[in-house]
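Peer 1: Read top to bottom, the protein sequences are chains L and R.
The first sequence lines up with residues 1 to 90 when you count with my numbering.
The second sequence lines up with residues 1 to 451 when you count with my numbering.
Honestly, the hints are just simulated from the structure, not real lab data.
For clarity, every value in this text was computed on a predicted model and none was experimentally measured.
Computed cross-link-like contacts, BS3-like style, restricted to lysine-lysine with a CA-CA straight-line distance of at most 25 Å:
| # | chain 1 | residue 1 | chain 2 | residue 2 |
| --- | --- | --- | --- | --- |
| 1 | R | K153 | R | K120 |
| 2 | R | K15 | L | K11 |
| 3 | R | K15 | L | K66 |
| 4 | R | K450 | R | K120 |
| 5 | R | K65 | L | K55 |
| 6 | R | K15 | L | K19 |
| 7 | L | K66 | R | K65 |
| 8 | R | K58 | L | K67 |
Short derived list, chain L residues pointing at chain R, Cβ under 8 Å:
| # | residue |
| --- | --- |
| 9 | V5 |
| 10 | T35 |
| 11 | V44 |
| 12 | V46 |
| 13 | F58 |
| 14 | R77 |
| 15 | D82 |
| 16 | F84 |
| 17 | M87 |
Glycine included, every Cβ here is placed at the ideal spot set by N, Cα and C.
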Amino acid sequence: MKKTVISVMGKDTVGIISKVSSVCAQNNVNIIDITQSVLQGLFVMVMLTDTENLKCEFSEFSESMKKLGENAGVEIRVMHEDIFNSMHRI
Amino acid sequence: MLNLNDIMETINMIKQDNLDIRTVTMGISLLDCADSDAKAACDKIYEKITRKAGNLVKVGEQLEKEYGIPIINKRISVTPISMIAASSKADPIIYAKTLQKAADATGVNFLGGYSALVHKGFSAGDRELIESIPYALSETKNICSSVNIGSTKSGINMDAVKLLGETIVKTAEITKEDNCIGCAKLVVFCNAPEDNPFMAGAFHGVGEPDCVINVGVSGPGVVSAALKDFKGDLGEVAETIKRTAFKITRMGQLIGTEASKRLDVPFGIVDLSLAPTPAVGDSVAHILEAMGLEKCGTHGTTAALALLNDAVKKGGVMASSSVGGLSGAFIPVSEDAGMISAAREGTLKIEKLEAMTAVCSVGLDMIAVPGETPPEVISAIIADEAAIGMVNSKTTAVRIIPAIGKKSGEELNFGGLLGKAPIMDLNLKDSPKEFIERAGRIPAPLQSLKN
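Using the sequences and the hints given, assemble the complete structure.
Peer 2: Here is the structure:
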């Protein structure tokens, strides 16, 4: 399994989870877990996904998420889980 | 599942506080490329560099995309060229041009190692290489040069110090149309590290493996953000810096091991340095100011910097399997928004910077001085700085830029990562000429009876 964190930050908008999930589905990315919260007045949604069987190049996938974010007025980042693990776990 | 706050913390460090991997540097040994025929040696050098580092930039970009952390520079360091050029007795410039060709082919933004190690004396090829530096740096774009002129165990080679004063002035004169940029690519070291990934002083030491990946992390912005509005005594300040440095270094360790795996090259070290950029919010001076100094350069600056430097090392050392390079806080004046402003206002002077170099990594870095500065004054500045390194068993370096045709109070504007250098005042009234002309060698210091 190749775990990837998709984070969405910005203003809460209708249907944002559905838009993100459908891009995941189109690219054969399985969603493992979703959390969302309002932190410091900012809507934050974090999706833990499995990108092992990704249908396209990783960079293509993260680019399409970035574009989706730009269109929806939020910021979407796709990052390998290890960057968080290495920073916050010993 | 990961904690939401942790995820947000990491993202904010990257987004707001300019956290990045400053450089992934591949060290390549060229010892097996030496040849009595210079042309054959150059062919071997080009072949080896492009073979080993052909994928370096591509892998760096891949990692950037996958992990979502910017990797600013992909670079190469090579065996000091004086050692390779010595066997051919040809003009060393052709080696510089070959390196430039290899840098272009691999797409790296700097290639370091047009270097010589002369801390005890000159061997075959060393003097020729040093004399060729001004031309090598003006005729190439991405090649960096360094010379080690002293060490704790061997003392300071004052013949080399004298020669380098002249070399630096000549380099500035030849590149005066371009802001004297040649001098920004030339570092004079005492106790040069063999595994430093940072330019302009990177070279691949002779004790290193054939090929190795070294990583330099950055993140002054993250440290100053952690200290902003932080109330607590200096012990607590040090703790906060340690914790932050730990996190920053873990990034470097992760990217370094991953890059080494993908390039199939052993992982060398993480250089735990706080490397500033001219961007607002990425300044080492601002960390010192966040500790409570009204302006970097005022009384107390040396103490604050000593605390910062030590805490960065303590925090970083546990986060990485192997630490090396320069490891500490950098204080390049032109590359740090806070230092630029302190130098412009006259708070930060060269004497204070010299004191600061006694407690942090590197030394007098990216400092512009008046164009009329004679070579012996540059040599004397190098000697002072080398003496600090030699006596304190630490690396010190000088990267100084005589601003040809300009006076103190004016500025050199390099743009990009090199930033802007306000020209600093020097004592040009009392000459050290006789001292420098004596040349010879300053003996190595005693290592006991330390006071």
